[in-house]
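K.L.:
Sequence:
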Amino acid sequence: MTQKKPLVIVTRKLPDVIEARMDELFDVRLNKDDHPMTTAELVAAVREADVLVPTVTDRIDAKVLAQVGPQLRLIAQFGTGVDNIDVETARRRGITVTNTPGVLTEDTADMTMALILAVPRRLADGARYLRDHNGEWPGWSPTWMLGRRIFGKRLGIIGMGRIGQAVARRARAFGLEIHYHNRKPANAVIEKELEATYWESLDQMLAKVDIVSVNCPHTPATYHLLNARRLKLMRPDSYIVNTARGEVIDENALARALEAGEIAGAGLDVFEQEPTVNPRLIGLDNVVLLPHMSSATIEGRVEMGGKVIVNIKTFMDGHRPPDRVIPAIM
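According to the working numbering, the stretch in the sequence shown is residues 1 to 330, in order.
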């Protein structure tokens with residue numbers, strides 16, 4: 001007798017090769033038009049699905065989880081962060097949560113380094129000028145479009161995990177001096193390799209470095225970690241880059257600091273109220289804004305989908321999925 005395939009509901013469109021493989025393995029329901037699912041649609045999904053495959057934009061909170069059907073036993077997140085999921089409520093309801101760690105390290109580090117270069121060197125300003133002036137400009141001038149040199153500057157990394165370390169390796173190749181703040185010092189071998197200086201005090205590091213790179217997850221402890229008080233510790237010729245989570249920075253405080261010239265510029269790929277961007281930031285020329293695309297590579301998305309499939313298949317075969325975030329209470 002053929003075993004019944006689990007009903008897997010996917011909240012957003014995934015790469016074609018991943019959707020095709022899911023269709024082979026599972027009774028899968030896909031989001032072909034890639035519309036952001038409403039809360040009502042998410043509730044309907046958790047009432048019916050054996051497995052839910054959400055993304056970071058889907059808020060699977062306690063209200064949604066209160067509606068789960070008895071058959072839902074796995075939430076297989078398409079993404080590394082799970083701050084969109086109320087994992088404690090899921091745990092209490094006997095639902096296992098998995099994610100896709102390790103896949104996006106290099107892609108995110110690439111984009112972080114791109115912003116570290118783009119903001120001080122005013123790449124967006126130059127591109128915008130040419131587009132606004134039909135490809136014409138006044139010609140070379142000793143004082144036109146001046147930015148800041150990257151080589152020799154001090155980079156302060158907040159969060160020395162996989163991505164933070166990958167950023168540090170790239171930054172060293174560009175001649176930056178590596179400083180970092182973390183809950184605890186990195187492994188001595190890593191510190192030696194990166195020639196990195198550990199700062200137990202975030203406040204002291206912020207006052208010391210030229211560029212701050214946010215590479216920590218969003219947790220209750222890191223919510224608005226960079227608030228108005230801490231932003232004032234940074235020098236007026238310093239820059240901030242965030243490719244982690246928007247909630248780590250108080251955006252209104254950041255906008256005020258940028259407007260007042262208390263910080264020279266910022267490069268942001270994530271925002272507090274995604275997909276909405278703070279209008280105060282949109283109006284600033286000293287900010288490079290990206291639509292959460294640090295992980296947006298074909299290779300990365302396919303690898304993420306592959307991990308989701310392995311997690312689902314392993315779980316449905318009765319084994320512990322390799323990327324389990326929390327064990328369910330059975």
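It is worth saying that the hints were derived from the structure and are not from the lab.
Take the hints with a grain of salt, since some may be wrong.
[Stated by the list, open to error] Simulated pairs of lysine-lysine, DSSO-like, Cα-Cα distance not exceeding 27 Å:
no. : residue 1 : residue 2
1   : Lys232    : Lys184
2   : Lys153    : Lys184
3   : Lys32     : Lys4
4   : Lys192    : Lys232
5   : Lys184    : Lys208
Given the structure is predicted, the values throughout are model-derived calculations rather than measurements.
K.L.:
Which hints, by number, does the structure contradict?
P.N.:
Number 4 only.
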